[in-house]
Amino acid sequence: MTPHGPYPGNLSDTRWSLIEPALTTWRDQRRARAVDIGQPPEHDLRQIMNAILYVDRTGIPWRYLPHDFAP
1 MTPHGPYPGN
11 LSDTRWSLIE
21 PALTTWRDQR
31 RARAVDIGQP
41 PEHDLRQIMN
51 AILYVDRTGI
61 PWRYLPHDFA
71 P
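Sequential numbering from 1 applies to the sequence shown in our numbering.
Simulated from the structure, these hints should not be mistaken for laboratory data.
Here the structure is a predicted model, which means the values were calculated and not measured.
Don't be surprised by glycine CBs; every beta carbon is placed ideally from N, CA and C.
Any given hint could be a false lead.
Claimed, not checked - Distance windows between CB atoms, simulated: (1) 8 x 29: 28 to 36 Å; (2) 34 x 59: 17 to 25 Å; (3) 58 x 19: 16 to 24 Å; (4) 7 x 32: 28 to 36 Å.
Construct the complete structure from the given sequences, taking the supplied hints into account.
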């Protein structure tokens, strides 16, 4: 397992390999339907998912999310 970030609850490579195809497909479909979304993605999907899981696991409000997570 390769750690991504300083938090022990971050997704393992194995779990990410299960989730990543669905999120990438969703992002691609969303970009295909949207207007003026021609630039590459600004944030890494894995970082975003780790932030969502961090908030879910800790119960903190979004505004208290540590700054080293993607917005």
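I want to verify a distance hint. Is the separation of the beta carbons of residue 8 and residue 29 within 28 to 36 Å?
33 Å, holds
Range agreement (Cβ of residue 32 with Cβ of residue 7, hint 28 to 36 Å):
The hint (28 to 36 Å, Cβ to Cβ) holds, given that residue 7 and residue 32 are roughly 33 Å apart.
Given the range 16 to 24 Å, decide if the beta-carbon distance of residue 58 to residue 19 lies inside it.
20 Å, holds
Taking the beta carbons of residue 34 and residue 59, is their distance inside 17 to 25 Å?
Violated, at about 33 Å.
In the structure shown, a violation is registered for the earlier hint numbered 2 alone.
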